[in-house]
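**Student:** These are the residues of each chain, in order.
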Amino acid sequence: MEMQSTVSDAPTETLRRIWETPSGIYGQLATVDHKTIGKRYLVTAFLFLLIGGLEAGIMRAQLTRPGEHLVTPEVYNQLFSMHGMTMMFWYASPILSGFSNYLWPLMIGARDMAYPRVNALSYWTFLLSGIFLYTSPFLGQSPNDGWFAYAPYSLGLYNAGLNMDFYALGLIFLGISTTVGAINFIGTLINMRCPGLSMSRLPVFMYGTLSASLSIVFALPALTVACTFLFLERRFGMHFFAVEHGGSAMLWQHLFWMFGHPWVYVVVLPAMGMVSDIIPVFSRRPLVGYGFVAGSTIATGVIGFAVWIHHMFATGVPMMAMTVFSGFSFLIAIPSGIAVSAWIATIWTGRPVFKTPMLFSLGFIVVFVIGGVSGVVTAAVPYDWQVSDSYFIVAHIHYVLVGINVFAVMAALYFWLPKITGRLLSERLGRWNFWMMFVGVNIAFFPMHVAGILGMARRVYTYPAGVGLETVNLATTVGAAIFAVGILVFVVNFLWSIRRGALAGPNPWDAATLEWTTSSPPPPYNFAVIPTVGSRDPLWEGRVIGEAPSALALRSTLFSGPVLDHGRQTMTTSAIDAAQPVPQSMPADSPWPLILALAIAATCYGLLFGAWWLVGVGIAGTIVALAGWLWPTALAGTPQSDPVTVGAR
Amino acid sequence: MVWTIATEACLFVYLLFSFVYLGAQQRGPWPPQGPLSLSLALPNTAILLLSSGVYMWGERGIRRGSQTQLRVGLLLTFALGAVFAVIQGIEWHSQSFTAQSDAFGSLFFTITGFHGAHVIVGLLLNAVVQIWAWRGTFTADRHLAVTNAGLYWHFVDIAWLFVFATLYLSPRWM
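In order, the protein sequence lines correspond to chains A and B.
Residue 56 is where the first sequence starts when you use my numbering, and the numbers rise one by one after that.
Residue 47 is where the second sequence starts when you use my numbering, and the numbers rise one by one after that.
Fair warning: there could be bad hints in the mix.
Here's a subset of chain B near chain A, in silico, CB distances under 8 angstroms, partners left out [what the hints assert, rightly or not]: (1) Thr50; (2) Cys56; (3) Gln71; (4) Pro75; (5) Pro77; (6) Ser142; (7) Gln146.
Keep in mind the hints are simulated off the structure, nothing from the lab.
Built from N, CA and C at the ideal position, the CB exists for glycine as well.
Using the sequences and the hints, build the whole thing.
**Tutor:** Structure representation (structure tokens):
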């Protein structure tokens, strides 16, 4: 039997010694602490948001007036391609991974993720693939075919530079990061929950990330295949997309959107989950319809696999296919509608407190609903034919992604940053931040619907005067500027808060879930004792209106439990009920994830420049790194009965 | 391991989708030079299937604590896998088309190349597990690495059945 203790009696110095990453450069490069990795993810992804925003800013400056020549058409092509790729791949999903990495173990009463070294690998490959992509502007050869890179313009015959090689290799490289990250989330959710934290007691955020991770496992290979084909066709004279050699440009579109539409849900479902967890805290009541919201999250992920052809209505696919995919595209609005109804019911029946995270959550609902409605209308085939490739679609995608992703991320930053930094952000600046972003996004993107209906085509570097597009474009640029200032207000608020912000304490918002039982910031070992959870809102037990206090009181045991101080240990439990706790030893800091990521980067650069010696070095490095990674743990042998040891931690 | 295999399996699904999609889009015959010969591929399929069976037999051995049965099973699996890879190499060289000749050639060499890479990874895993097996690392209770390498090998085997059915057999009836 494991040693039991209370939090105050626990041997915290021993635990700290076991879990703390030593300071110094080696410790920084070898750490597997999920909190450090999570913070790095958040900062890196936010920097990509700023870079992508800068690219958008240059485009808006170019489009402010008709006939402007601030940038050339080729530079403009590279700008919108890099903007789309940066935002969709290097910001939107990684920032959510940052929250998941930091928060998941805290939310489930664990001391780390299931595969800590895989976690480190996931970050390093994310960072290095971003650096790889951003080598391209320095060569003046950034991707220039939009974020979905349709053939045949992507092929060597029309696009001879390295531009689209950066696209193909960069996305394959990032795919490694995304895939191993997703597998880590799935493994963590299944195995690492503390006793009593059954599937029906998880924060909705975790359902969102689970659904996204499953989508990644099943959909991302389509992008890998497509990019591999693209690279082979461009550099090795093979034929997949060129019609004159028996290929088909449509094959690219099918593969890309089989991946691409599930990807949209990858970048929104965890964000919807975060808001589903934030709204109840500021409505001072549990979420209405928890089961429906969790279920609709999974349902959205599943139906998301059956709608990809709605991106291709204008390409001449058979009418029968369009009818079916149009139907599924309408259908997918239903789970989203359920979630929106649950949020509104929660606020309606609660006692809402309008702090900044709540303001952003409300803004999220409004912008999401507008983006959702413009999505439902484009699910209708004839309407889609009218607005396809126009600014109406640009308006739709930005309402959806800014609404569901950026607003949710802002809400989450204001909500969870105090846990991460230990200090609250300024509410006063927070209100300025919210209102500038909310007003900015609507002034920027609402007129885009009009521009699209008037016939303005997307991805054209300028437009003629006198066709009625001046006002809408000027408004969009003004709105984008206001939005950008809103983002800068956040940066100022963050920098101010980490020095001067009020101390947060363990639970500044009086929230209900496990992460708020630890200090802010949490100690290296997260929990001095492993808690046991008995309800969905462990910190609100005995306080929920309408339930007898005695019924819920003391169901959870949060401040006493097993210590697990024999080396790096945490608790694993059964997959559904979180029963049968078994202590599990966890791996310590390791240099191999970084070495492996560097070897993969060398391979990618070698392939890009056709430097075969570098490819050889990269592959050899990969094999050495994998051997170094797997050798000692595997030799030590692990018990057959232990479900978590499947795979290379 | 299970999820890694799941995502790898999806990779093959999308590869084979591409083959079927481009096949369905052709105006001329598919493959352009008529169906692929089965004279090497069919026996090779049998060899790979046999290797999976031998692996299971070896794994059953260690579950009863028999080091010898495990070692022989692993060694035979490795040998059969290597024979498969060599025959596959001969098969590549015996084709009249190349990866650059047309879409069919590109798909054939890319898909079988992907599979071949998986065979090599499976053989490397087998080699590592084999070193441990000969050092006596595994016991009846502790042999997770054997199970995992086996799962991967069976996956490589099953993936081949789908590749074989799609590339070699399906054009005969379509």
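**Student:** For each hint given before, does the structure comply? Return the numbers of the non-compliant ones in rising order.
**Tutor:** 4, 5 and 6
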